[in-house]
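Undergrad: This is what each chain is made of:
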Amino acid sequence: MTTSWNDAGSAFHPASAPDFLPRRELEQLQLARLRAVVARAYEKVPLLRQRMEARGVFPDALHALEDLARLPFTVKADLRDTYPFGLFASPVEEIVRLHASSGTTGKPIVVAYTAADLEVWTSVMVRAFAACGLHQGDLIQNAYGYGLFTGGLGAHYGGEALGATVIPISGGNTERQLMVLQDFGVTAICCTPSYMVHLIERARDAKIGFGRLKVGVFGAEPWSESMRAHIEREAGIRAHDIYGLSEIIGPGVGIECVHRDGLHLFEDHFYPEIVDPETGAVLPDGAEGELVLTTLSKQAMPMIRYRTRDITALDPTPCACGRTLRRIRRIGRRSDDMFIIRGVNVFPSQVETALLQVEGTLPHYQIVLTRAKGLDEMEVQVEVTPEVFSDEIRGLQRLQEHLATALEQVLGIRAQVTLVAPRTLQRSEGKAKRVIDRRNI
Amino acid sequence: MKIRQLSLFLENRPGQLRVPCQVLGDAGIDILTLSLADTQQFGILRLIVKDHTRARQVLEQAGVVVNVTDVLAVDVPDRPGGLAEVLQGFEACGLGIEYMYAYSVRSRGEHATLVFRLSDPDRAAALLQARGVRLVGAAELFARAGA
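Chains Z and X supply the protein sequences, listed in that same order.
Heads up: the first sequence is residues 19 to 459, going by the working numbering.
Heads up: the second sequence is residues -13 to 133, going by the working numbering.
Take these hints with a grain of salt, some might be off.
To be verified - Capping the alpha-carbon separation at 20 Å, the derived lysine to any residue pairs in SDA-like fashion look like this:
#1 Lys36/X <-> Ile17/X
#2 Lys225/Z <-> Arg42/X
#3 Lys(-12)/X <-> Ser408/Z
#4 Lys225/Z <-> Val44/X
#5 Lys(-12)/X <-> Glu410/Z
#6 Lys225/Z <-> Pro186/Z
#7 Lys225/Z <-> Arg40/X
#8 Lys62/Z <-> Arg51/Z
#9 Lys391/Z <-> Ile358/Z
#10 Lys225/Z <-> Ala48/X
#11 Lys225/Z <-> Thr19/X
#12 Lys225/Z <-> Val54/X
#13 Lys225/Z <-> Gln47/X
#14 Lys(-12)/X <-> Thr19/X
#15 Lys232/Z <-> Pro186/Z
Said to hold, decoys possible - If you only want the chain X side, here are some residues facing chain Z, beta carbon under 10 Å, derived:
#16 Glu(-3)
#17 Gln2
#18 Ala23
#19 Gly29
#20 Gln47
#21 Val51
#22 Asn53
#23 Val54
The hints are simulated quantities; they were obtained by calculation from the structure and are not laboratory data.
Where a beta carbon is used, it is the ideal one built from N, C-alpha and C, also for glycine.
Let the sequences and hints guide you as you build the complete structure.
TA: Here it is in structure tokens:
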């Protein structure tokens, strides 16, 4: 019987060693891996080869990491256009797992993993959980959906490999989630932040607490700092933001360590660039732009300069945890999540921030965009809670006014605030749908 | 002398009033009186029931937002000018009325009972009683209703 890593008194799981590599060593490793992955993509994936040839750039042109900027981008449409297996770099017999997106915007996208890819995925999830301070002995309630969605199985294998106890409850069935959470003495939960808010609400109804729960690992949708404050206060836990996308690997591309000052990217496997979303030009560290990721070790489906649509900035400054991995700022917005109303760019996370500024409001909201007589209208539906409900018309009108003012201050435009009964807005077990656009543009 | 009143938030769309009434009906809770305040966007249903604790519980279980407010029930002489006289008492005490509605119960002919929501019900009750305004307590109110 070997002693476990946490029994040895170490704060870090042995798998976390790459998190602390000196930058020079890390960059050497990145360059070597980058050359190999670009060569693999060139050899095995016709679409990527054609693009490189069209640009006159070949794998042997990569002398430094910066040379990556000469390679063409890959976008989500490339995955759809080559559906289902067109971007695979491994023959089917070497592929041991397939996942796919929900396909709500058309054909789903399919992603593939070799056995080695799964090992990489598991290892980054181990490092992610360890960075949140989880250990052997922790009970992880994994409420990410199992199945074609990458969240469930990604967190599952990572948790098990960490040595923690994983409860594969998957999404949904809120009553059972709360029962298990209490009865099993769960110490960590994984789910979308909007589902956590739902759990908090139902726990409050049932007048039950969160028992031994201390850590939440939330991801799969953008969320705000105010939402974090709400979750941490109401559930009495530490809430970590985890980042990932199936095109790259799934959850585990980056995570907030216990200091929660940006998300460390597992740069030894995923090479980040920040580009200007309009021109595609690479921006320096610290500048805000679109995150572009290149997989450095993926076999089955190498992604070269994949445009994530997530807006963030890279932070190279040292973190108190000692990890040398650069951090990305929390992603509150996506370039495709934004809508334009009366010439103003609005992100749902801004609406959320405004609503949460008003005392007692829960972040259950929905944005409905309509067009009347050629003019765009924005309606924000907010659920009334017992805390803010007043039995005087004036009181509710005052609340409406406060919310409208907060929105105007944050967004710079006036929105119609509609108070709706609790639980009338659709709850999601996965990603919350915040914007309903009925403008038919 | 205070009476506990339940206030419910209602969205302004069809079926919103029926749901809480149905929930109370299914729980065998009798509504003694009610008032509906509405705006273009939402409404507030105010109810007086005997078992307000249980009523609140079943309503909340059904997902309705419920608030409990203290109101005063006042006997008003059932003759022309009767209400004006009582209101004069309110005025003399410097009491502002947030809202009011009639308590619908079989009348004995002498009085009509009105429900008043005032900002400080305790202080208001003391002032009004000192002026001889007749307040009706919960027990009497329910007894009159035969509840």
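Undergrad: Run every hint past the structure and note whether it holds.
TA: Hints versus structure:
1. At most 20 Å may separate the alpha-carbon atoms for a hinted pair to count; Lys36/X and Ile17/X meet this at roughly 8 Å.
2. Between the alpha carbons of Lys225/Z and Arg42/X the distance comes to roughly 15 Å, so the proposed pair stays at or under 20 Å and holds.
3. Note on Lys(-12)/X and Ser408/Z: the hinted pairing holds, with a Cα-Cα distance of about 19 Å set against a maximum of 20 Å.
4. A hinted pair counts as satisfied when its Cα atoms are at most 20 Å apart, and Lys225/Z with Val44/X qualifies at roughly 15 Å.
5. A hinted pair counts as satisfied when its Cα atoms are at most 20 Å apart, and Lys(-12)/X with Glu410/Z qualifies at roughly 18 Å.
6. At roughly 25 Å between alpha-carbon atoms, Lys225/Z and Pro186/Z are farther apart than 20 Å, so this suggested pair is violated.
7. Restraint check: the Cα-Cα separation between Lys225/Z and Arg40/X comes to about 16 Å, which is no more than 20 Å; the hinted pair holds.
8. Distance check on the hinted pair: Lys62/Z and Arg51/Z sit about 16 Å apart at the alpha-carbon level, within 20 Å; holds.
9. With a C-alpha separation of about 17 Å, the suggested pairing of Lys391/Z with Ile358/Z holds against the 20 Å cut-off.
10. For the proposed pair Lys225/Z and Ala48/X, the alpha carbon gap of about 15 Å is at most 20 Å, so the pair holds.
11. Using a Cα cut-off of 20 Å, the hinted pair Lys225/Z and Thr19/X is violated, with the two alpha carbons roughly 31 Å apart.
12. For the suggested pair Lys225/Z and Val54/X, the alpha carbons sit about 19 Å apart, so the restraint of at most 20 Å is met.
13. Taking the CA atoms of Lys225/Z and Gln47/X, the gap is about 12 Å. The hint holds against a cut of 20 Å.
14. A hinted pair counts as satisfied when its Cα atoms are at most 20 Å apart, and Lys(-12)/X with Thr19/X qualifies at roughly 15 Å.
15. Distance check on the hinted pair: Lys232/Z and Pro186/Z sit about 18 Å apart at the alpha-carbon level, within 20 Å; holds.
16. Because the smallest distance between the Cβ of Glu(-3)/X and any Cβ of chain Z comes to about 5 Å, under 10 Å, the interface hint for this residue holds.
17. The criterion of a C-beta within 10 Å of any C-beta in chain Z is met by Gln2/X, whose closest approach is roughly 7 Å, and the hint holds.
18. At a threshold of 10 Å, the smallest CB-CB gap from Ala23/X to chain Z is about 6 Å, leaving the interface hint in force.
19. At about 9 Å, the closest approach between the beta carbon of Gly29/X and any beta carbon in chain Z falls short of 10 Å, and the interface hint on this residue holds.
20. Residue-level restraint check for Gln47/X holds (minimum Cβ-Cβ distance to chain Z is 8 Å; threshold 10 Å).
21. At about 5 Å, the closest approach between the beta carbon of Val51/X and any beta carbon in chain Z falls short of 10 Å, and the interface hint on this residue holds.
22. The beta carbon of Asn53/X is positioned within 10 Å of a beta carbon in chain Z (closest approach about 5 Å), and the interface hint is therefore held.
23. Interface hint status for Val54/X: upheld, as the beta-carbon distance to the closest one in chain Z is roughly 9 Å, under 10 Å.
In summary, the numbered hints that this structure violates are 6, 11.
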